[in-house]
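Sequences and hints are given; from them, build the entire structure.
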Amino acid sequence: MSEPLPRPTLEEITAFARRHGLERLPPEHLQRMTELSLLVSELGRCLPRPSQKEDAPAPTFEFAPTCDR
Amino acid sequence: MGDPHTSQPLWAQSASASIRMLRGGQVGARQLTEAYLARIAEVDGRIHSFHHLAEARALSSADAVDREIAAGRWRSPLQGIPFGVKDNYDVAGLPATAGSRLRSGHVPTRDARLVADLEAAGAVLLGKLATWEYGTGNGGEYFDLPFPPARNPWDTARFTGGSSTGAGAAVAAGTTAFALGSDTTGSVRLPAAACGLVGVILPQGRLSGRGILPNCYSLDVPGPLTWTVEDAALVLDVLLQPSVSYRRSVTRPIAGLRIGVVRGPLGRFGPPDASMAEAFEEAIRVLEQQGARIEVARLPMPVSDCFDVTRLIGPAESAAIHEAELREQSRDMGFALRDKLLAGSMVRAVDYIHAQRQRRLMAEAIDDLVQSYDAIITYGPLRVAPRLGIEPEMTAFTVETVLTPFNLSQHPAIVQCTGYSSEGLPLSWQIVANRHDEATALRIAAAYEGATPWRTMRPTL
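Read top to bottom, the protein sequences are chains S and X.
In terms of my numbering, the first sequence opens at residue 53 and continues consecutively.
In terms of my numbering, the second sequence opens at residue -8 and continues consecutively.
Please keep in mind that the hints were generated in silico from the structure rather than gathered at the bench.
One should not assume that every hint holds.
[Claimed, not checked] Chain X residues, not near chain S, derived (Cβ > 12 Å throughout):
id: 1; residue: Gln17
id: 2; residue: Ala32
id: 3; residue: Glu33
id: 4; residue: Ala55
id: 5; residue: Ala83
id: 6; residue: Gly131
id: 7; residue: Phe134
id: 8; residue: Ala148
id: 9; residue: Gly247
id: 10; residue: Ala268
id: 11; residue: Asp296
id: 12; residue: Glu319
id: 13; residue: Leu399
[Claimed, not checked] Covered stretches of chain S, as calculated for chain X (at least 3 residues, CB under 8 Å):
id: 14; region: 60 to 74
id: 15; region: 78 to 91
id: 16; region: 102 to 108
Every residue, glycine too, gets a C-beta built ideally from N, C-alpha and C.
Now the structure itself:
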């Protein structure tokens, strides 16, 4: 079991938000991002990785749908 | 006036029974529409199934149907049947809020493809049905949206299941004959389960998503919610026009069908409610008595692992779809949508791609399982409808299900009622068929429904 991650500071999340076009989020929503960021990173870290590099993603977006989606 | 054979009010009949009366000249489309409008006036203040009612449009459509019938012109088997659509479907000239103050004043100029198809078939649109904001949510209810939350007609203190909340409430309460919802990780099947209905999803591309506000490009599917299996077959007959009608398929006996019964592994979701488990086992016996060959089967991975994959895919795609609103209008969103988009904005592209890689492996393994049988049967939700506003109960109901594996794998799936708990709450299971063989799932569901008394019971409001 790895060490629990430290929660990012509000300043770190504010900088992240600015880099990614979310600079207009109000402070309370940035604060919420600091809480959510740990959950999101944990989900990503805990997801098992396919063992074979050839295991490609699911065909995510159809280019020849069977009806006019 | 109701069905003279059962003395049921018109709104309490199945759509199929209403069609037989229309065809027999025992009722007209206007009379039928007025019966639903009267039912809405009577009970919708308690269940809030509708966001927008289109009364004048519905009566005008019904009058047109009556004129056609009088002239001997039958357009389709849904001609004259009232329906509603989740408020994330576009309908030209009607507000399309998707349950959000972000879209107040938004009125589309085109119909969603499925709405256009149903109206072309002569079905009568009653209006737009309640939904969680943008057709998504985290399971909780925060009472922070511009519309009151829909309430479960079986117990108005309880949740309808989301996100097609109004569709579930409306079909159960008889404020519409059938409804269209949309499902990303359960949003058709959860309200069908909580409200004691039939809810159907098909693989992406079978039913058009055009004109439906997207939530997750790679998982979204539309689907009908109906009172009976025959009604679901009827709606799919009209929308898909199969070479062999689904209504004919559902009458075939199930003797000899190989059905895999999947009880797990459930992973960290824990065991189902006792009432759900008892009804599940009893329902299996009903199929056995009809000659189905029941075999024990097992999901190739814990169901909670499937849910974890969707927790990366869903929020990331939603954050991409609704990026502009999050940037500019996050204060105007309800908590559930905003929280999802904030989280989705932080999902790494690398993790999203790994989630889609895992999804592919899971889908292939699930497909191998389903292909071993004519169909498999699983739990749907593991819990009965929770109390509205009790967040842990609502989240458990929404999350702890066996629904997401078949969103990932894109198999046709049906949830149907398997009875009622001691508190009078609907119980349910899920039938999953091979791709392009939804007729077999409908056939099994119809055989079960025909052998049980659950469709004779409507909620008391």
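Against the structure, the hints come out as follows:
For Gln17 of chain X, the requirement that its beta carbon stay farther than 12 Å from each beta carbon of chain S is met, with the minimum near 36 Å. The beta carbon of Ala32 of chain X sits about 37 Å from the closest Cβ of chain S, which is more than 12 Å, so the claim that it is off the interface holds. Every beta carbon of chain S lies more than 12 Å from that of Glu33 of chain X, the smallest distance being close to 38 Å; the non-interface claim holds. No beta-carbon of chain S comes within 12 Å of the beta-carbon of Ala55 of chain X; the shortest separation is about 26 Å.
For Ala83 of chain X, the non-interface assignment is confirmed: its Cβ lies about 17 Å from the closest Cβ of chain S, beyond the 12 Å cut-off. Under the 12 Å C-beta cut-off, the non-interface status given to Gly131 of chain X relative to chain S holds; the minimum distance is some 14 Å. Chain S leaves Phe134 of chain X outside its interface by the beta-carbon criterion, the shortest separation being 18 Å against a cut-off of 12 Å. For Ala148 of chain X, the condition that its CB be more than 12 Å from all CB atoms of chain S holds, with the nearest at approximately 29 Å.
Distance check for Gly247 of chain X against chain S: the nearest CB is about 30 Å away, which clears 12 Å, and the non-interface claim stands. Every Cβ of chain S is farther than 12 Å from the Cβ of Ala268 of chain X; the closest lies at roughly 29 Å, confirming the non-interface assignment. For Asp296 of chain X, the shortest C-beta to C-beta distance to chain S comes to about 8 Å, within the 12 Å cut-off, and the non-interface label is violated. For Glu319 of chain X, the requirement that its beta carbon stay farther than 12 Å from each beta carbon of chain S is not met, with the minimum near 6 Å.
A Cβ of chain S approaches the Cβ of Leu399 of chain X within 12 Å, the least distance being about 8 Å, so the stated non-interface status is violated. Against chain X, the region 60 to 74 of chain S contributes 4 residues with a C-beta closer than 8 Å to a partner C-beta. That satisfies the three-residue criterion, and the hint holds. Coverage of the region 78 to 91 of chain S by chain X holds in this model, with 7 residues showing a Cβ closer than 8 Å to a Cβ of that chain against a need of three. Under a criterion of three residues with beta carbons nearer than 8 Å to beta carbons of chain X, the stated coverage of the region 102 to 108 of chain S is upheld, 3 such residues being counted.
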